[in-house]
Amino acid sequence: MLGPAIDAFWLLMEPVRLFALFCGMISGLVIGMLPGLGGVAAVSILLPFVYALDAYAGLAMLLGAVSVVYTSDTITSILVGTPGSPASAPTAIEGYALAKEGRAAEAMGVAFIASAIGGIAGVILLTLAIPIARPLVLLFGTAELFMLALVGLFFASSLVGGSRIKGLASGALGLALGTIGPAANAAEFRFTFGQAYLLDGLSLVGLALGMFGIAEVVSMLARGGGIAREPVKLVGWSDGVRDALQHRWLILRGALIGVTGGMIPAVGATASTWVAYGHAARSAKDRSRFGHGDVRGIAAAEGANNATVVADLVPTMLFSVPGGPAAAIFMGALYIYGYYPGPRFVVDHADVMFVIIWSCAIGSVGGAIICFLLTPWIARLTAIRFAIVAAPLLLVMLLGAYQATQHIGDLIILFLLGFLGWLMKRGGWPRAPALVGFVLAKPMEQNFWLAIQLHEWSWLARPAVLVISLLIVVPVAIQVVRWLLTTYRARAAGVPPDGRVATVDRPAEAPPPQEAASAPTSLALSVLLSIGFGYALILAVDFLPDARLLPLLAIIPGLVLACMALIQDGLPFWRGTARLAIEDELGAELIQFGFLALLVGGIWIIGFVPATAVYLLGILLRMARMSPVGAVAYSVILVTGAYQLASLMLMRLPVGHLF
Amino acid sequence: MNTHVSDIARGRLILGAAGALAASLAMILAAGGAMAQQFSFAGKQIDIVVPFAPGGATAVTARFLAPYLEKHLHGKPRVNVVTRPGGSSLLGAAWVEQNAKPDGLIFLFTTSSTANPFVLGQKGVEYDLLKKRIGFSQSFGPVAYVSPATGVKMAKDLLKPAQPLAYGGIGAAASDLPIILSFEVLKLNPKVALGFTGRGPIRIAFERGDTNFDFQFTPVYLTQVVPAVQAGKAIPLYTGGSVDEKGHFTKRDLVVKDLPSLHEAYQAMYGKAPAGVEWDAYEKAATLTYQYGLTAYLHGDTPQPILDAYNKAVDAMNVDPAFVAEAKKVTGGYPLIRGDAAEPHLRAALKAGGAAFDYTKNLLATKYKVRF
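These protein sequences, in sequence, are chains Z and C.
Residue numbering for the first sequence follows the working numbering, starting at 1 and increasing by one per position.
Residue numbering for the second sequence follows the working numbering, starting at 660 and increasing by one per position.
Take the hints with a grain of salt, since some may be wrong.
[Unchecked claim] Listed next, the in silico DSS-like pairs over lysine-lysine satisfying Cα-Cα at most 25 Å (straight line):
hint, chain 1, residue 1, chain 2, residue 2
1, Z, LYS442, C, LYS1028
2, C, LYS1026, Z, LYS442
3, C, LYS782, C, LYS1026
4, Z, LYS442, C, LYS850
[Stated by the list, open to error] Derived coverage of chain C by chain Z (criterion: at least 3 residues anywhere in the stretch with Cβ under 8 Å from a Cβ of chain Z; other residues may be distant):
hint, region
5, 744-750
6, 984-993
[Stated by the list, open to error] Counterexamples of contact, computed for chain Z against chain C with all Cβ distances above 12 Å:
hint, residue
7, ASP7
8, ASP239
9, GLN246
10, ALA284
11, ILE329
12, PHE345
13, ASP351
14, LEU374
15, TRP377
16, LEU454
17, VAL476
18, PRO557
19, ALA578
20, SER627
21, ALA631
Note that these hints are calculated values from the structure, not bench results.
Remember, it's a predicted structure, so these values are computed and weren't measured experimentally.
Virtual Cβ for every residue (Gly too), placed ideally from N, Cα, C.
The task is simple: from the sequences and hints, build the whole structure.
What follows is the structure, encoded as structure tokens:
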């Protein structure tokens, strides 16, 4: 084992291959930072260059890119609150909250160190695990994959801060959105409204960018200021180092969870990152800051998601079953070089496998170091007038969403989900459960029906299913016992029972300042969701029995929860203790949505380049208050840049219907 | 209108006098012209539009073909692979319908996933494959194999397996169509679990023992299943077969020649050649899914010289040693098929209607609960 590993290291040390690896890392860094573009975009852009390189160099380049994407997308997660993937959502929740307090540098410091440790730990564990990886992957059949997805969804919707009702409703919303398109077990397309665009369902990029990206950008545009409400402390990064060292075991545990989970195709990365995040939350004594900016959440999640990158390659190399879309393209590259991943690959081409592993290791550490060095400069971005940063961000988000299918529907969905995400953000509804529910809806449904077809209901009693279900049962049981104990103790002490206060042993840090949720927005959202779920229910009743089970399992609880939220939100208005009025800030943001609608309409009518140029000019002059000359110059640079990026990705931008 | 008539009348007069001479002169000129100025793609850029995700088998095959098309299409054009996934390939196909011109520069490269909805008249189909011209086509062959636990040693044993047969597939109306039709041909009734995301996960399910009867396409069979066969964990039974000159699936697979075809397997089981509506339906589905599994659809008005250029490139690629060597790994080594050879058979399979078509539609609706 050691011999081929050392040989492979020297193979990689060839200058050309090192340079290819470095180029891959830089591309991965830049692409990962761009919202909506992640591993898939990085690998697709680099793939054409692979033809010019030898196998070791080409694979090193691709893996260099893939292994830093989860590190660099941390920057966008923390500064803009837009996760690059569902596995980065915990970082976005905790990191963005910290960034608003001016602790962006600290958050990034923790995240980068955790990323590097996660990556390295992933590589080491992977190397050790390869002999047992095959039986491990074979352990997970359809029934086990279903349970694992359920665990991921449970962790995501029960862990985020805020109202439990709204968290669960958000998860149900995500599940319901995930059922748009083909049913897993019946030849039926659901909720497509006769649009061919919807036949494959919504794209993940559109959903993540809309719900998080657009909502944040609009808020920032309307406010006009920078991301941080307080000046950024540039010294913060050393706090990040301290935090990371303090939580080193948590990071390692996160990495272990990530490696184990990451080996499981399709559901592994998302589910395991949330399990790691859940582990951090549950093992913490003081949980009051979770959801409002807690470095422990970042440490565990980043340790895990970087480990999954490496582990994702296990099913690819051992079974030629890619763990995710990026791994699928990577597998395509292996084909180009004439390597056929599979049982023989690991034995016959140990050199290639170890070059892959080394590239990941160097990529994770190198990426973290580069990001670390950039941190002080990147953190300064938060103080810049946001409209100046928002303009290119918005442009890249449009491109990122449009690359999904290159259909105008991508932009319309981006806008609609952006509005939904904004309502959720403003109304204080957690958005991460929706994202996780969306991602897991398809694998849950597929694996559920496959398990039923293959084993009927006996799958519920399979040993591995029972073991996985403990991940839900144990925490719930502990919580119930804790609650019973505190109630008992409180009663014995004669204090009114309040489980939350009693579990907090010592408040380590002051409770964070929370963004005030707008009661009217929340009410509007509960009304909207109640109607939406109700309408979906009417449509779903007509589906084939096999096609409607999962939608109904999402819609019915969703409807109940939305109605509960409606009552909860509506009572103060009913009693007259709250007034229905649109706050000034909300009005300004609604106007921004108006402009955005005009932009999408403009792109459809007159084409991408003219429409975005006009929009950018407007934003830069009106919101960023740039000089006319500067605004024109900046717009030209941005639109040209976007055009170049699009042609690099072989995209055809919409030309409009007017001409 | 009147002038037209008189023009034609006058034309007839002239034709009467110099008809033969003029016609033969024109033919010589045309032939000479074609020889002298063969269509050239010099300085042009060709986009292969793949209506599936970038990592999928179709995109991988397109990327494999692209450099060889660059090399062998006259004028050495640049060839890009553009993936436009969405709408289970319907969006990419519709995009090509709207954007391709009869210049051979944009074409759709797709599978039966695009063809089946067209044949079945599914909603949302905004393209007409019957009006397209065929650039070239690539075959894929399936190999059927079982787990030793079934006690099945050859196709004949499938009628009396030691344990119930269980098959995992993706979707009845998708690429599994010929396979589920082959079950009808062989009069087998395995447990069918549909809804897997790809043939890779199905292979894992087979390895775990969740299923015991599986099909894989040739390149995957050669690299992934053959090791299992050697280890005694899988027993290969038969292939889908390949077509004779008349387009019937009577011949053995061109790559996996040591296994009987479905046609032979049926004969071994029932002592006569397969016939009837089930077999016709299988042949129709197999034509679209296997024989012309990956096809380049060009604009319907593409002029003959451009089609000839593609045909020539196909001929040149099939004798290019580098292509042949790489094709063995990527596609299993099936030769690329000329457009003019594929077109008549494809057209026949793309036409709706007839007893076989009704049979397929009825089977999907009743046994697999597909709604039309």
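Comparing the hints with the structure gives:
A distance of roughly 20 Å separates the Cα atoms of LYS442 of chain Z and LYS1028 of chain C; the hinted pair therefore holds under the 25 Å criterion. Restraint check: the Cα-Cα separation between LYS1026 of chain C and LYS442 of chain Z comes to about 24 Å, which is no more than 25 Å; the hinted pair holds. Restraint check: the Cα-Cα separation between LYS782 of chain C and LYS1026 of chain C comes to about 21 Å, which is no more than 25 Å; the hinted pair holds. Restraint check for LYS442 of chain Z and LYS850 of chain C: the C-alpha separation of about 23 Å stays at or below 25 Å, so the hint holds.
Given as covered by chain Z, the region 744-750 of chain C passes the check, having 6 residues with a CB less than 8 Å from a CB of that chain where 3 are the minimum. Under the rule that three or more residues need a Cβ within less than 8 Å of chain Z, the assignment of the region 984-993 of chain C holds, with 3 such residues. No Cβ of chain C comes within 12 Å of the Cβ of ASP7 of chain Z; the nearest lies about 24 Å off, and the non-interface call holds. Every CB of chain C is more than 12 Å from the CB of ASP239 of chain Z (nearest about 41 Å), matching its label as outside the interface.
Consistency note on GLN246 of chain Z: stated as away from chain C, and its beta-carbon is indeed over 12 Å from all of that chain's, at 40 Å minimum. For ALA284 of chain Z, the requirement that its beta carbon stay farther than 12 Å from each beta carbon of chain C is met, with the minimum near 37 Å. For ILE329 of chain Z, the requirement that its beta carbon stay farther than 12 Å from each beta carbon of chain C is not met, with the minimum near 4 Å. Separation of PHE345 of chain Z from chain C is inadequate, the least Cβ-Cβ distance of about 9 Å not exceeding the 12 Å criterion.
The Cβ of ASP351 of chain Z sits about 19 Å from the closest Cβ of chain C, beyond the 12 Å cut-off, so the non-interface label holds. At roughly 29 Å, the least C-beta separation between LEU374 of chain Z and chain C is larger than 12 Å, which holds for a residue marked as non-interface. At roughly 33 Å, the least C-beta separation between TRP377 of chain Z and chain C is larger than 12 Å, which holds for a residue marked as non-interface. At roughly 5 Å, the least C-beta separation between LEU454 of chain Z and chain C is not larger than 12 Å, which violates its mark as non-interface.
The beta carbon of VAL476 of chain Z is kept farther than 12 Å from every beta carbon of chain C, the shortest such distance being approximately 30 Å. Here PRO557 of chain Z stays apart from chain C, with its beta-carbon at least about 23 Å from theirs, past the 12 Å limit. With a cut of 12 Å on Cβ distances, ALA578 of chain Z stays outside the contact zone with chain C, its closest approach being about 44 Å. Distance to chain C confirms SER627 of chain Z as a non-interface residue, since its nearest Cβ pair spans about 40 Å, more than 12 Å.
Under the 12 Å C-beta cut-off, the non-interface status given to ALA631 of chain Z relative to chain C holds; the minimum distance is some 34 Å.
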